[in-house]
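4 protein chains.
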Amino acid sequence: MPQLRGSLDGLVFEKSDPEAIAARDDIECVFLAVPHGVAAEYAGPIARSGKQVIDCSADFRISDPAVYEEYYGQQHPDTDVLSQAVYVLPEIAKDGWMDASVFACPGCYPTSILVPLFPLISAKIIGTSGIVANSFSGVSGAGKQPSAAFAYCEVNESARAYGIPKHRHLSEIEEQLGQAGQGEVVLQFNPHLAPMNRGIITTITVPSSGASIEDLYYIWENWYGKRPYVHILPMDTRPESKYTIDTNRIDISAVKDERTGNFVITSAEDNLMKGLAGQAIQIMNLWQGWDETEGLTHA
Amino acid sequence: MPQLRGSLDGLVFEKSDPEAIAARDDIECVFLAVPHGVAAEYAGPIARSGKQVIDCSADFRISDPAVYEEYYGQQHPDTDVLSQAVYVLPEIAKDGWMDASVFACPGCYPTSILVPLFPLISAKIIGTSGIVANSFSGVSGAGKQPSAAFAYCEVNESARAYGIPKHRHLSEIEEQLGQAGQGEVVLQFNPHLAPMNRGIITTITVPSSGASIEDLYYIWENWYGKRPYVHILPMDTRPESKYTIDTNRIDISAVKDERTGNFVITSAEDNLMKGLAGQAIQIMNLWQGWDETEGLTHA
Amino acid sequence: MPQLRGSLDGLVFEKSDPEAIAARDDIECVFLAVPHGVAAEYAGPIARSGKQVIDCSADFRISDPAVYEEYYGQQHPDTDVLSQAVYVLPEIAKDGWMDASVFACPGCYPTSILVPLFPLISAKIIGTSGIVANSFSGVSGAGKQPSAAFAYCEVNESARAYGIPKHRHLSEIEEQLGQAGQGEVVLQFNPHLAPMNRGIITTITVPSSGASIEDLYYIWENWYGKRPYVHILPMDTRPESKYTIDTNRIDISAVKDERTGNFVITSAEDNLMKGLAGQAIQIMNLWQGWDETEGLTHA
Amino acid sequence: MPQLRGSLDGLVFEKSDPEAIAARDDIECVFLAVPHGVAAEYAGPIARSGKQVIDCSADFRISDPAVYEEYYGQQHPDTDVLSQAVYVLPEIAKDGWMDASVFACPGCYPTSILVPLFPLISAKIIGTSGIVANSFSGVSGAGKQPSAAFAYCEVNESARAYGIPKHRHLSEIEEQLGQAGQGEVVLQFNPHLAPMNRGIITTITVPSSGASIEDLYYIWENWYGKRPYVHILPMDTRPESKYTIDTNRIDISAVKDERTGNFVITSAEDNLMKGLAGQAIQIMNLWQGWDETEGLTHA
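Chains as they are written, first to last, in this note's numbering: chain W, 1 to 299; chain R, 300 to 598; chain F, 599 to 897; chain G, 898 to 1196.
Worth flagging that the hints you see were computed from the coordinates, not collected in a lab.
Not one of these hints is a red herring.
Derived lysine-lysine pairs resembling DSSO-like cross-links, with alpha carbons at most 27 Å apart:
#1 256(W) <-> 226(W)
#2 226(W) <-> 124(W)
#3 525(R) <-> 423(R)
#4 465(R) <-> 256(W)
#5 1063(G) <-> 1021(G)
#6 443(R) <-> 314(R)
#7 144(W) <-> 15(W)
#8 1021(G) <-> 1123(G)
#9 1021(G) <-> 991(G)
#10 166(W) <-> 124(W)
#11 1153(G) <-> 764(F)
#12 991(G) <-> 1123(G)
#13 1041(G) <-> 144(W)
#14 742(F) <-> 443(R)
#15 124(W) <-> 256(W)
#16 166(W) <-> 555(R)
#17 1063(G) <-> 854(F)
#18 854(F) <-> 824(F)
Negatives, chain G to chain R, calculated, CB over 10 Å:
#19 910
#20 913
#21 916
#22 918
#23 922
#24 935
#25 1078
#26 1119
Predicted model, so just to flag it, every value in this text is computed and none were measured.
Cβ atoms here follow ideal geometry from the backbone N, Cα and C, with glycine treated the same way.
Turn these sequences into a full structure, and let the hints guide you.
What follows is the structure, encoded as structure tokens:
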């Protein structure tokens, strides 16, 4: 990371080994940033040694191993640890989440959809069928593996949908929304690739079930009014991804289309911050009882 | 246009004047590329002088002056000429369109939505409620006026929704779909700005009403199989805007999501070609009885 | 600044007025970020009231009013204050600079050229004629005024030279290099616009006068080895602008071309940080006796 | 090439084989677009069979096999054919070039430097030492191999120098300039990577040897005034790469810096057109006696 040159003096990079990490007694909390499948191999020994795991992979985001297998094409590597894990999107996590030994940190797409929808479904002011979410993500969401598909000239000056109709992240989005209290939720999720390094915007169309836009804002304000990382923008303002870059913030707003009866909800976030790494820090802060914004300078 | 330097020898730029154009007898056909409101001022005298008008503005795209006034905030300047105009998206234009004296050429968003949906609604294999279209457009769609909102550093590396919930182009989209034969169509249309010069992609979610994906492709093949500028891509391929740049082509494909029962339809085009200027040339070619692709080199 | 929403609680924006600022006794230091010409109107009353001025305009960068007039096309507005000002590029500023009442903070192009060249000219290991500097700057260097020239579609996917042959910044570059001790320096400076938001790279070709590349690195190490914001990269590594973004760092490296006898020196920096705003903070830190990196998180 | 879908009906792709191509009697001219080293393996059999070869690789650009070996790190594969080849930059190629059996088509960097400099060196109005050329190229210049260095997020929003101090293309540039008639020319060539798909700009600083800018333009006009693909822009206009995209044109202009006595010459071209593929077509047109612009629509 040449951009951090000079900031990392004293930082030691070591070959990692689950057992060796588990055996150390100078470690309280371990962040896992490895591929799914691999994460569970680390989480097991580490969690069993009594250390807290904050996992950034998909391995602990879905509680049902059968759904995991359906979406990820492999058996879950450690269902024992899975049963001790909890999904932690801090602003909507269920009471008691801090007692779990593994925290599953959600990624960019689910965060951009769950933050705006979860309170509305909990409050029963929107329906649970007919929801359509379209997301546009920057290229860093695709990771660092060199591939022809993400070469500069392939991605630059173009846009495309992909992962339709059954993107992996659907499974966790639907599980979480289902837990909001109104039974099964089935969602249409259409992800797209945008020619930019970072940032994600999501536009959600959802039948209003007769609720007014004021009802919607009232519920959001109630839920998020005091949370530092969810900013509720006015009805006439659409979030822009650029304003969230390098911050741990998600910006949301909504408008009601009286012609169709739909709410149109828009959100924006930095896929590398609130969309993963920043959120993982936020989880640690809350778990430790520290200020939620510690180490995350911009609100 | 410095990029055309050397290609335009002999081309004469003149101050334009509707009456003077109307008076000339060496002109058969006039393309209007001026703002709405202004177009109607030109179209009147020119059409009355017996010349063909191909208009690229919004002035003749909506047949009902009241709807025009609702969406464009001003009275229609010439309802007499309006009544002699016809909407010409060549692949779906109604029989007899060549007899009209003014051809209204549709723009980028409507083309990207009407081409895939019109045959499906005509064939009654999709419903007319619950349609959600999300478009993602390059910046040239915003025109050439200098403005802070479209300065390089404002647009680059960011994405945002805008024009929600009632974008001007909705009016013509809904009018045309209504004419496909199943009565009123109300659409949720969510446009977005993408950080690229040209190109537009649209993703449409539409309830399948029990039809299969094979039904959908069969209808498309029937309708567009022999048209040079509509390319039907395989179900597992999403159109990419880059492959349409500098062409007059629109690429379309669809997939059925068995979980939601929806078709997810995607289209891509160059907003400056099939999305307007290329389409205007295509209209002239058809009207003249020339080969549809004359002067439009790439298929 | 929507990206700072939530970080600026308590910050008060006021209409500014030089006399009112001068009259306040709760202010020690004033940053001026206004156009040249305007800056001098503020600096006079404020400096005379005993407050320190850190000026980000060109008004105090050139000591000779005649040269200022030649390059900026107007008489210097306040030569009295000019005589109390000093040019502060922290790593090369002359002894005693902290005693001046106005600090002129240099901008992006001069910083990218002066940091690598000043020590080499001081040490007399390069010649002072035949120097050629080519810079490539991101678009934010052009400021925020909306203009057709900096509209997204004009700048995107293109590059061009501009400001040749006599860019305004030449005057201060040549004055500073002249003070390095070998008499007059005349430089060929060719600025270019690059399609990116931030960042600047400069490539300087300079006759080596027989010195070796090791001599050059020895001088740099001696001069900058302990400074946090000048990073000397290995001879086989070229600085990339992306690694400096959001930091106050300038990265430099050099190589000797044995075929031509030239040194080819390359530098990279964030034009908005080390190229101006970050440098202004760095100046305040040094003047106050604080740690040089205070408030400037990345080294 | 999905963007050409529909334009290539009837085009046959075959596994290529030098001997099989050589044996066919329905072929007059073969374009080679393969890596250096490989090109010579094809060119030998094909040229010996009496067919014309237009080669886009480096294999026939350097007449001296020793220089080839120095710059490309391998022995020349076929010095026999090399002796029958000629370097063809159409506007400066030496008389009689059409008699050669292999035409070496130059690439982007050499074209951008040779077109402006060759006539000036021939006319002896500039010196041959102290020339400094800085080029700034789009990413397509790096080819199609997937690599981490050219992944979208690595290239986007950044700029860097590379290939300093001895880029491979130097060898052919210096050979050609040496043939302009004033003996050996040694050049400082500094290439850079720009965050854009296509296009290249080059800025050349060259001592004027007392000549005036009018002298320079007079020579250019004389040499290029009637050539369709070299556009001479006014002294106060710098070429922009965007205006050359999709054309076979190179735009050039120059200004004299009276302070330094240097000419500053700038050029722009599309690296994929005049910078290679377009130029290869132009060569075929001239060799066949066809109009130079055949198949190359924009001038």
